[in-house]
Every structure is written in C-alpha cells, then in structure tokens.
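Participant: Chains Z and X, in that order, are what the protein sequence lines are.
The numbers in my numbering rise by one with no breaks, and the one at position 328 of the first sequence is 331.
The numbers in my numbering rise by one with no breaks, and the one at position 459 of the second sequence is 462.
FYI, nobody ran anything at the bench for these hints, they're computed from the structure.
Treat the hints loosely; a few may be bogus.
Just so you know, same-sequence chains aren't split out, so a pair can sit in one copy or run between any two.
Simulated crosslink set (PhoX-like; lysine-lysine; CA at most 25 Å straight-line) [stated by the list, open to error]: (1) K109 <-> K276; (2) K287 <-> K109; (3) K40 <-> K67; (4) K276 <-> K226; (5) K410 <-> K109; (6) K40 <-> K410.
Bear in mind that the values here come from a model prediction, so they are computed numbers and not experimental data.
2 protein chains.
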Amino acid sequence: MNGADLLCDTLLAGGVDTCFANPGTSEMHFVAALDRKPAMRCVLGLFEGVVTGAADGYARMAGKPAATLLHLGPGLANGLANVHNAKRARSPMVNIVGDHATYHLKYDAPLTSDIESLARPMSHWVGRVAGADAVSRDAAQAIAQARSAPGRIATLILPADAAWGETSAALAPIPAPLPRAKVLQPHIQTAVAAIRSGRRTTLMLSGVALRADALQVAGRIAKATGVRLLAQQSNARMERGAGRVAIERVPYPVEQALAALQDVEHLILVGAKAPVAFFAYPGKPSSMLPEHCQVLQLADPGDDLLDALHWLADELGVGADVRPEVMELQRPALPTGALTPAAVATALAALMPEHSILCDESVSSGRNLFQFTRTVPQHDYLQITGGAIGLGLPLAAGAAIACPDRKVICLEADGSGMYTLQALWTHAREQLDVVTIVFANRSYAILHGELRSVGAGAPGANARRMLDLDQPALQWTQLAAGMGIESGRATSAESFCQLLGAAMARRGPFLIEAVL
Amino acid sequence: MNGADLLCDTLLAGGVDTCFANPGTSEMHFVAALDRKPAMRCVLGLFEGVVTGAADGYARMAGKPAATLLHLGPGLANGLANVHNAKRARSPMVNIVGDHATYHLKYDAPLTSDIESLARPMSHWVGRVAGADAVSRDAAQAIAQARSAPGRIATLILPADAAWGETSAALAPIPAPLPRAKVLQPHIQTAVAAIRSGRRTTLMLSGVALRADALQVAGRIAKATGVRLLAQQSNARMERGAGRVAIERVPYPVEQALAALQDVEHLILVGAKAPVAFFAYPGKPSSMLPEHCQVLQLADPGDDLLDALHWLADELGVGADVRPEVMELQRPALPTGALTPAAVATALAALMPEHSILCDESVSSGRNLFQFTRTVPQHDYLQITGGAIGLGLPLAAGAAIACPDRKVICLEADGSGMYTLQALWTHAREQLDVVTIVFANRSYAILHGELRSVGAGAPGANARRMLDLDQPALQWTQLAAGMGIESGRATSAESFCQLLGAAMARRGPFLIEAVL
Numbered sequence: 004m005n006g007a008d009l010l011c012d013t014l015l016a017g018g019v020d021t022c023f024a025n026p027g028t029s030e031m032h033f034v035a036a037l038d039r040k041p042a043m044r045c046v047l048g049l050f051e052g053v054v055t056g057a058a059d060g061y062a063r064m065a066g067k068p069a070a071t072l073l074h075l076g077p078g079l080a081n082g083l084a085n086v087h088n089a090k091r092a093r094s095p096m097v098n099i100v101g102d103h104a105t106y107h108l109k110y111d112a113p114l115t116s117d118i119e120s121l122a123r124p125m126s127h128w129v130g131r132v133a134g135a136d137a138v139s140r141d142a143a144q145a146i147a148q149a150r151s152a153p154g155r156i157a158t159l160i161l162p163a164d165a166a167w168g169e170t171s172a173a174l175a176p177i178p179a180p181l182p183r184a185k186v187l188q189p190h191i192q193t194a195v196a197a198i199r200s201g202r203r204t205t206l207m208l209s210g211v212a213l214r215a216d217a218l219q220v221a222g223r224i225a226k227a228t229g230v231r232l233l234a235q236q237s238n239a240r241m242e243r244g245a246g247r248v249a250i251e252r253v254p255y256p257v258e259q260a261l262a263a264l265q266d267v268e269h270l271i272l273v274g275a276k277a278p279v280a281f282f283a284y285p286g287k288p289s290s291m292l293p294e295h296c297q298v299l300q301l302a303d304p305g306d307d308l309l310d311a312l313h314w315l316a317d318e319l320g321v322g323a324d325v326r327p328e329v330m331e332l333q334r335p336a337l338p339t340g341a342l343t344p345a346a347v348a349t350a351l352a353a354l355m356p357e358h359s360i361l362c363d364e365s366v367s368s369g370r371n372l373f374q375f376t377r378t379v380p381q382h383d384y385l386q387i388t389g390g391a392i393g394l395g396l397p398l399a400a401g402a403a404i405a406c407p408d409r410k411v412i413c414l415e416a417d418g419s420g421m422y423t424l425q426a427l428w429t430h431a432r433e434q435l436d437v438v439t440i441v442f443a444n445r446s447y448a449i450l451h452g453e454l455r456s457v458g459a460g461a462p463g464a465n466a467r468r469m470l471d472l473d474q475p476a477l478q479w480t481q482l483a484a485g486m487g488i489e490s491g492r493a494t495s496a497e498s499f500c501q502l503l504g505a506a507m508a509r510r511g512p513f514l515i516e517a518v519l
Numbered sequence: 004m005n006g007a008d009l010l011c012d013t014l015l016a017g018g019v020d021t022c023f024a025n026p027g028t029s030e031m032h033f034v035a036a037l038d039r040k041p042a043m044r045c046v047l048g049l050f051e052g053v054v055t056g057a058a059d060g061y062a063r064m065a066g067k068p069a070a071t072l073l074h075l076g077p078g079l080a081n082g083l084a085n086v087h088n089a090k091r092a093r094s095p096m097v098n099i100v101g102d103h104a105t106y107h108l109k110y111d112a113p114l115t116s117d118i119e120s121l122a123r124p125m126s127h128w129v130g131r132v133a134g135a136d137a138v139s140r141d142a143a144q145a146i147a148q149a150r151s152a153p154g155r156i157a158t159l160i161l162p163a164d165a166a167w168g169e170t171s172a173a174l175a176p177i178p179a180p181l182p183r184a185k186v187l188q189p190h191i192q193t194a195v196a197a198i199r200s201g202r203r204t205t206l207m208l209s210g211v212a213l214r215a216d217a218l219q220v221a222g223r224i225a226k227a228t229g230v231r232l233l234a235q236q237s238n239a240r241m242e243r244g245a246g247r248v249a250i251e252r253v254p255y256p257v258e259q260a261l262a263a264l265q266d267v268e269h270l271i272l273v274g275a276k277a278p279v280a281f282f283a284y285p286g287k288p289s290s291m292l293p294e295h296c297q298v299l300q301l302a303d304p305g306d307d308l309l310d311a312l313h314w315l316a317d318e319l320g321v322g323a324d325v326r327p328e329v330m331e332l333q334r335p336a337l338p339t340g341a342l343t344p345a346a347v348a349t350a351l352a353a354l355m356p357e358h359s360i361l362c363d364e365s366v367s368s369g370r371n372l373f374q375f376t377r378t379v380p381q382h383d384y385l386q387i388t389g390g391a392i393g394l395g396l397p398l399a400a401g402a403a404i405a406c407p408d409r410k411v412i413c414l415e416a417d418g419s420g421m422y423t424l425q426a427l428w429t430h431a432r433e434q435l436d437v438v439t440i441v442f443a444n445r446s447y448a449i450l451h452g453e454l455r456s457v458g459a460g461a462p463g464a465n466a467r468r469m470l471d472l473d474q475p476a477l478q479w480t481q482l483a484a485g486m487g488i489e490s491g492r493a494t495s496a497e498s499f500c501q502l503l504g505a506a507m508a509r510r511g512p513f514l515i516e517a518v519l
C-alpha cells in the first residue's frame, strides 16, 4: 500500500472518520486513497475557511476531531482564520496539509511556501511526514495531540511523495486519550476558603463546565453558598434551556463588562480565562476585573471540570438534596410589527424546536439573543470564539454533520456571512438540516459603533465606503439560490415568523433574509 | 495629529493613494484618519482575499503599490493566498495589518495571534510599528521596500495604540526607488557567446521583459540570430496582440513542457526562472530542461531588462533596421454551435476591444485561450502567478481601478471563482468596467485530470464528492445578482457571442455564465 492508504487507515483507526476537504493536485493520491475507504465521510468545501470552520463545528458537537484536507501553504492560509477560532474554542482538529514532494521543494515551484511558519500560530502541534514509512506514526501522533484534553489543533504536513510512496510499515498504535486530569486538592481548598470568606465570589465557567451536568453542580453550589455563576464572554458550546441552570455571560462592550464585574472580590476560574477586553480602547482598561479582585484558578480547561465541581460541592458540604435554580419552560408570543433584532430573537424563542443547535455569528444584531432564549426548550449554543468572523455558516455545516437528527439554526450577520458564504453550497450539497437567518442590516454595524467610540464624529465618504454594505445591497435570497438553497425574505415580524415556522417544520437547508 | 493621520500622510507622500480595505475595530483610528484624507481612494472588499488580490491587480497595471488594510492575524491570513500570488508576480504591495494595542497583547484577547509568523512566508519585509512617533519612519521603509525593483511585499503591523497615539514626529523622507540595476558585462558576453555558439538557444523572458518595448528588442534579436523566444509558464503581465512580437509560454502539462524544451541547449534567463514542473509527479522530472541544457542568467527580475536586451542586441550587432516578426491583426469569425472552451476563446478573439486587460484564471478551460488571442488588437494579459486559486475576480477589480478607461475581461473557472466570489460585490460597488466570463463546467476539471494521471482509475463516490461541483450546480447568474451584478447565461456559441457583444458595447460590470 502507499502512504496515503496508510494515512487513511490510521485516521479511521483513531476514530477520525469525517474529512472536510478542499484538495488540489498534490493531494490526489490522498483523494484516491479516500476513494478506497467508504468508511470515511468526505465533505467538500468550496473554500478552505468552510473546511476548517466545519471541522470546528463538527468537533464541538461530536466531541472528537475531524480531519481537514488542505492544499499547500495558500490552502492552509485560507483556512487559518477558522483554525484560529477552533484553537480558541479548544476544538480538536487534525489538519492534513499537502505539500510538494520533498525533492521538488528545492525547485521553488510556484505554490511553494513555508507551511510550518503559517501553521504554527494557529496550531498546538505541527509535524511534517518524512516519508511513506513515517506516515502512520506521524498521523497517530497528530491524532493523539488533537485528542489531548481539552482539544488541540494538530497540523500534519504531507509531502506528495510520502503519500504516493509504497510502504510496508504497520499501522501505528494510537494512544488512548489520557483522562482529564483531576485538580489538585490545594486548588479546591483555596476555592472553598474564598467562597466561605464572605467576600463576593464569582465562579467563572467555560469549556465543558458549561454542559448541563456541570452547570447542575455549579447551580447547587450557587444555591447553597450564594456564589455567583458567570460564563466567559464567548464559549465553544453551552447547554441551555428549560430545566437547566441558566448562566449569564460576560458582556462584550467594555462598559457593560466592567459594570457586571465591578463587585467581584474573588474570581474562581473553572476552565475559563479571566475576562479581558476584546479590543483595547484609549483610556479603557484591558482587564475587566476591579483592581482588588483576587483571581483563583480552580481548574484548567483540560482538567476534569465536572469532577472538580463535584469535589468543590462536597468540600462545601453542598448535598445532592440542594436543588439549583433552573429555568422553567416559557415561550414568548410571536412578535408582530417591525422586523427588529428583538423580533427575530422573540420569534426564534417562540419557534425553535427542542435539541436545536444555535450557531451564533449574529455579531451586533444578536446581542440580545441570549437573554431571549433562556427559557426555551433545551438546546446547544455555539459561539465564535476567536473573533475571526466568517465562522457561522461553516460551523453550522459541521454541527449538522455531527448531529444529523438535530435542527441547526445559524444566526448570521450579513457582513460576517460574506466571508465564507460558500458554506451554503455545502449545506445544499449535503442536504444539511440547517436554517440560516441572515440579519441584513447592510452595514458593518459594529464598526459604525466603534468609529463613533473613537470620537471620529459622523463618518465621511471614505469611512462610509469602508463600513456600509448598502451600495449595492446584498441580496441573500439570490446568493442562496445561486448555491442551491431555498430561501425567503422577511421585512416584517409577521413574515419572518411565517418563514421561520415553515423552516422549522421541514428538514433540509433553508435561508431567511431578515431585512432589518 | 495621531499616528494614523501620520501614516496616511506618509502613504500619500509615497505615492500610495489607493487603499484596499477590510477593516475591523483595531483599525478604527486608521479608518477615521483615511476619512480625513479625500486624496486616498478607499475600496472595500468583503473578504480579505479580495483586498489583497485587488492590490495585486492594481500594482501590475499601475506600476506602483496600493495599500491594503487588514484586521489582525486572521484578517491577514484570509488575504495571504493572494499575497502569495502577488509575491510570485513580484508586485509591489504595502500591507497594513492592525494589531491590538501593545500593552493589550499580554492579555491574550481572543483575536491575538503571532502576526509576524503568518506574514513572513508571503512577505519580503515585515515590520511592526513601535509607537506613534515611529509610524512615519516605518511606513516610509515599507513603501521603499515595496517599491524596490522588481517589486516587493512589505507588511507593516500597526498596533492600535501606535495609530491613536499623539505624535509630533515629522513626515519621514521616502527614498526614491533606485533605478533598476544594469546587468554586468560578463553576463552579456556569456549570452552573446551562447547565441553565437550555433547551439540551440532560447531566451526565456518574464517580468518587464514581456512588455511590448522589450519584446520588440527580443524579437529583433530572434529575427537576426535565430534564437528562440519563450516566456515563463505564468507571468504577471504580458503585452500582446497585433503589431507586437508574439511569444509562446512554457506549457503547463509536464509532457508538453518537456517536449517544448527538449531541444534547448542554452537557456538564457531574462528576468525569468528556469522552468520547473508546477507539481511533482511520480516518475516525472522536476526540471523541465533536458539534461545537458546550460542555463545562463542574463538578468535578474529586478535588473533593467529592457537595457539588457538593447545591450545584448548591440553586442550581437543586431541593428535597429532589423524588423522583428510581429503579429498582423486578424480576428476570427464568430463561432457557432456548441459552447466549448474553444468557442469562448474564439468569440473573445472576435469581440474583445483594443486595450483590453485579460485577467485569466480559467485554469483548464482556458488552456487554449492564449493561442486564440495572438493576433487580436493590443491588450494586456495577466495570469495567476503563484498557483493559489481565487485571484481572478479580485485581480480584475484592481486592474480596473488602476486603468479606468480600459475594458477588463476576467476569465474565471467556476471552481476557482468560488474562492473569492465576494469580489463581484466590489465590481458592483465601484461600478468597474469588468466583464466576467465564468467557465461553468461544474467540476474541478483539472483535478479529474490529475486523479486520472495518478492512475486511480474512474473516480468513486468519495472522489466525486471532492471533485464535482454539480450537486447542486452553482448558478452564477444568481450569485452575480445577489451582489448587484447584471448577468446572462449562455448555453450555445451564438448566445455567448450575443452576450459578449452586448457586454463589450457597454460600460460597467457584467457577468456571463458560459455553461460548457
């Protein structure tokens, strides 16, 4: 067999059975090998940002890595923004980047570039296969890296001759992922002391501490001790809805974040990072914490967060009989009148089915979505974690492939949606059960706000040329049709509800352009 | 004034008066500064690959750099594939990449990444502004780097606090670009000896040696000495058409390239690289030259190629009275019948106006275009130089902005067009005189060929899922309409000619979907 076959076998042996791909000539032997492996699901993206963003969405919902297949340095570069988001989400991912045959590199053919330098900033681990005999060993290492808690980005560079070279090397053993580490007792004791100190204490959660089981324990602790729960501003995945413990997030705007945290005296991190401003602004702080707030690390993101919370509850004497505050099911009435962001959120809260997966890249338009969906049926909520816009549509594709029986709802701003709109074609190609809602405000609304906050006054001609998307207005229904997606345009709350209701009642991809 | 204002002033003082932009929050002070400079033309791209590809097209036609404005590491990453193409085209470019304020970096906010590592592979020069006082000096250096012959990629990282910081620093002087270097006499003498040796000698040209004036001199040398002229396989810009010296290019397929070069005994490089295979293939060579071919370097890409050719002609005793072979104007009859790639090329040859700019990313569908357009009215021919597909539509945008009085014709494969289709919106926004022809074969046709050449036999389910674009078929007329571009679909040679004729007779953006 050749190296490419052995690579496929290694991926499958490591449980990596989904490959998001945008191949080129140097990957043809790998494509031919994939063609011989019907157990591998191959999903084409028409742009690499679709490929990597889908792999992120898949990993967040499947809890295991997908492979990506990318074409040399430029192909990797096109996918890096969403690898950045995946890295910040702590999603596992195995990137296979084809390169020229080893002996061909010295000729500096047009597509030659320094792939390692490109890969490192967005990867936890970068490797280059030395030859066909090394393929399985190196791929096994990449898989093991990706599966290390809490999830890592492994990028494996595959020279074409390592793919096409014959090998009799055996399938390398793939080490089982290490269990998540138990936290150390002193961390528990420090947290207990803080909570018992009587000073205002917040448990800040992220990662798997935002799953329902961990939130249940955290909710018991909060109920019994009065400690406050708070989630990071942006998180890979939250389990929410009726019957679950609700948790607020740190607000995005600096002033609101500072206000939300102004009274915190102890901040205990449970797989979370201490809150910082998304961007720096003149005269505003970088840290969102008050000066004398003490930050304590209960558990790192890769630790066993559920166990840590159980242990903490035990040490605090919080028994299983303590009942946390959970949300009761409550749906709003359907909105009427003007189609505003609030109307969209209300309609969604009224109509979204149980077990939905919300992929939220609604940016400024969706700021209030979170509060509208606290009491709706149980669902998962996925966010853009690294701030690199262009994740939403690919993320939805990956989530839908990981969870084919769940409705995926993608909330997309028109500005950010344009970065990777090619994902709509993958929605159509794979007939994914994804409903995309485009908030069509026809501007980079968030940047208009930022420009105002810079004190630049009303935008002039050059600023408007860089911040407005209204000349011409994007026609999302036509963009969708161009990629084989049925769609509708809503200009009132009533027409939006009608479209959303119809989309929820059917399976398959659909797009609603919500003209705000 | 603040650093951002000083940066704008420095750019304008350096002749950089066009800024292709996709800004974010960290660039808001720069946006506000641009807003105060009506002399700067700001052009928005809805994805960074549009921004950098347009800057490349602009540079190729304007002969000077544009600035790009990109948003931190992920924004740069999104633009890198087309920076790679620009680097291979030796286009000058000044990338301004916003970063967090210096003091904010240590907080590792979500968008933080190692921008330098990302920038280096695709840049000749990377700098980071130390503060507002250093802005002008650093920008002047970036401009000087970009303007160094034959053209360099300068990437300047601009921390937000360097943009918003107050400064009283003076505008830094920007050194005038050095004139292109004269080649050394021994190079001329070696070339003369080779040509006079009686052995089969080829002059291989690229860069500015493919402009009409240099080709005229090369044509005189060829006429008088029997030396053969040949261009690189892919070139940034060629001046072609009736009244000019025609020059063939090294073919893309390895077998054809080897055949075209099999008799060469001396290869004299004039701003060109010795030909190598675009990709490596098992059992095929990397160099396209026969074993005993001697490669001589007459002139580097940054040398004064026109002067070198004049000097060579003089040394060879080729007088100004020698008349080179030039193409006579000849247009084909309009094609009829089935719409094939040849029919598209024939129609184009029949109808394209004088001084057109052809931006060719037609990949496999356009392989014969070059030969069909040898004798048409004078035009420029721009290619994808680095093999990173997704350049065509942005390149056309930049060329049209550099040359508003010329018709730009973008020849785009459907597969490669999808990578940066957002450029169509910029065509509409700026009302650019660009006619886009999409070769809609609904597959990665080139990869089907490569898969065959791998010996994989007929593609199976997984391979087809990665190589075919037909389920669903992309509807380019609707994609165009979604971005405000008028369009038509042609399914026969006759309907294509009708649409093309109409598009040539009007100004402004138009798209023709040629269903093959």
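Participant: Are the hints correct? Go through all of them and say.
Facilitator: Okay, the hints, checked on the actual structure:
In this homomeric assembly, K109 and K276 come within 25 Å of each other (Cα to Cα) only across copies, at 13 Å, whereas the closest approach inside a single copy is 44 Å. For a Cα distance limit of 25 Å, the shortest separation of K287 from K109 across copies, 16 Å, qualifies, whereas the shortest one inside one copy, 50 Å, does not. Taking the shortest Cα distances, K40 and K67 sit within 25 Å of each other inside one copy (19 Å), while across copies they are farther apart (51 Å). In the homo-oligomer, the alpha carbons of K276 and K226 lie at most 25 Å apart inside one protomer (23 Å), although the nearest pairing across protomers, at 72 Å, exceeds that limit.
Within a single copy, K410 and K109 get their C-alpha atoms no closer than 50 Å, and across copies no closer than 39 Å, so neither meets the 25 Å cut-off. Within a single copy, K40 and K410 get their C-alpha atoms no closer than 29 Å, and across copies no closer than 49 Å, so neither meets the 25 Å cut-off.
The earlier numbered hints that this structure contradicts are 5 and 6.
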